[in-house]
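Undergrad: Below, each chain spelled out in residue letters.
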Amino acid sequence: MDEFTIRQLHEKLKNKEFSAQEIVESFLKNIEQKDANLHAFITPTRELALAQAKEIDEKIARGEKVSPLAGVPCAVKDSILVDGVRCTAGSKILENYIAPYDATVTQKLRTEGVLFVGKTNLDEFNMGASTENSAFGVTKNPYDETRVAGGSSGGSAASVAANEALVALGADTGGSIRLPAAFCGVVGLKPTYGTVSRHGLIAMASSLDQIGPIAKTAEDAETVFETICGRDAFDATSLAYQYESLSDFDVKNLRIGVAKEFFGEGLMPQIAELVKAAIKKLEDAGATVQEISLPHAKYALAAYYIINTSEVSANLARFDGIRYGKSASRGQNLLDVYLQTRGEYLGAEVKRRIMLGTYALSAGYYDAYYLKAQKVRTLLQQDFTAAFTDVDVIMGPPSPFLPFKIGERTEDPLTMYLVDLYTVPVNLVGLPALSLPIGYTQGLPVGLQIIGKPLQENLLFAIAKDLEKLA
Amino acid sequence: MISPKEVQHIAKLARIELTDRELIQFQKELAGVLAYFEILQEVNVSSVAPMTHSVLLENVYRSDEFKAKTDDIAQKLLQMAPETKNGYLKVKQIL
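Protein chains in written order, with the numbering used here: chain X, 1 to 471; chain A, 472 to 566.
It should be emphasised that the hints constitute simulated quantities derived from the structure, not laboratory data. The structure displayed is predicted, hence computed values, not measured ones.
Cross-link-like lysine-lysine pairs, in silico, DSSO-like; alpha carbons within 30 Å at most:
hint, chain 1, residue 1, chain 2, residue 2
1, X, 405, A, 499
2, X, 453, X, 469
3, A, 547, X, 54
4, A, 476, A, 499
5, A, 556, X, 92
6, A, 547, X, 326
7, X, 260, X, 280
8, X, 465, X, 260
9, X, 108, A, 540
All chains should be built: construct the whole structure from the sequences, respecting the hints.
TA: This is how it looks when you write it as structure tokens:
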């Protein structure tokens, strides 16, 4: 059952070869067998998935048409709301929080008949690159349980890789979809900023956050993206955008840029080899390849962490022990409630980022940190714009190294931040980028990152589908 | 380098109560990250405009109307609050 694509499942469901209930039970069985070890899920939603499957089967029995996504088991990152289901964002402060409504993306998938199998593990409030910052334990890599699945959408990527879900939703602020996708050997898309509504996503850094799909194949990720994108009245930053697949893609017309900054010091040689081999395949098929330069890429990580933490410090002010979530109210006055609630229930990385952002935005430091970072962001955008006059896409590795051992990078926060080196430039500029698996080394998956011009997700998917055929 | 006193001040601005151990730990870690941020001093930005958003958006307007997603949404939202009274959120004394 778990070897089928969305399209194949749909055909078999329509032809009554099997029922939605049989589909979902097969995936639920995988969750039952594997997830005690893997821990991809914080909250499995077995009953919800079975009830949704029943509805689909009744529709089919009545002879009604069902959508291509009907009966597709889907995992949802636990920072995205599913009506009536607990949504923790990986934090103690939201341990008992029940989502009062659907996020726009989950509403859209629900309408199409997708089956929600559970809410997946993540770094607390999406802050991290390994899910080790989750208050509910780490997600393990399906290829090696002593290693991390990547983060922050680690549970979503692991659940798809382990056939606990056919597709999943993640959210990517600085690499949180692409990195775990690469670490778990699946496909992940960080869409152009604004193409997917963020309504119902628990906000981390609002100028960077974007929801996107994770799947085993580019085609499946494309189907999910096509369904969730578009303008939403509940998200003022969402764009009037309709996805159209590229029907006339010819690799012979493709101009690939290889940014030398993405092949610098610190990149594991075996990863560089596999990435270059994948690019060579496209070149052999007729694409042209040229080296490009993004001179400000080396400043992206610092600029990103200033902007990220600044926005975090504002966005997480809402967790105050008053409006929702847990409250520590031993104190006598309001200030005590704030101080104690946040001191007690927020995790170390969350506190660290709130404080860094508070510092960067505080009087006397604003110009040196936040304003400077926003200017570097402009320079980085100019780098990309210049590069894109000569090439259609930019390729490189999503990560400088393989999935690392659990605990290997938790000692010093800066070593964890460095994991994001190749993924954050894209978020600062709002570009779409896709990570897809291209091979293995030491038994662990390696990904390729393809960065596109704004709103050219269709080109990324076309290339990814071609590469899957060439593999 | 950021001093323990500054960290304490920042924590108070951020409304986070720190234990003594956390204070020592965070002072070390924040100093490390802030030192990394110094790399931006290499970049000349004298004639560069700041970028606040990656997508150029015109002003987005909507009519100022109350729209409930569902009839019971207000009640559901209130149920998620730690303390309520007569349909209001309850807070501790301020004055």
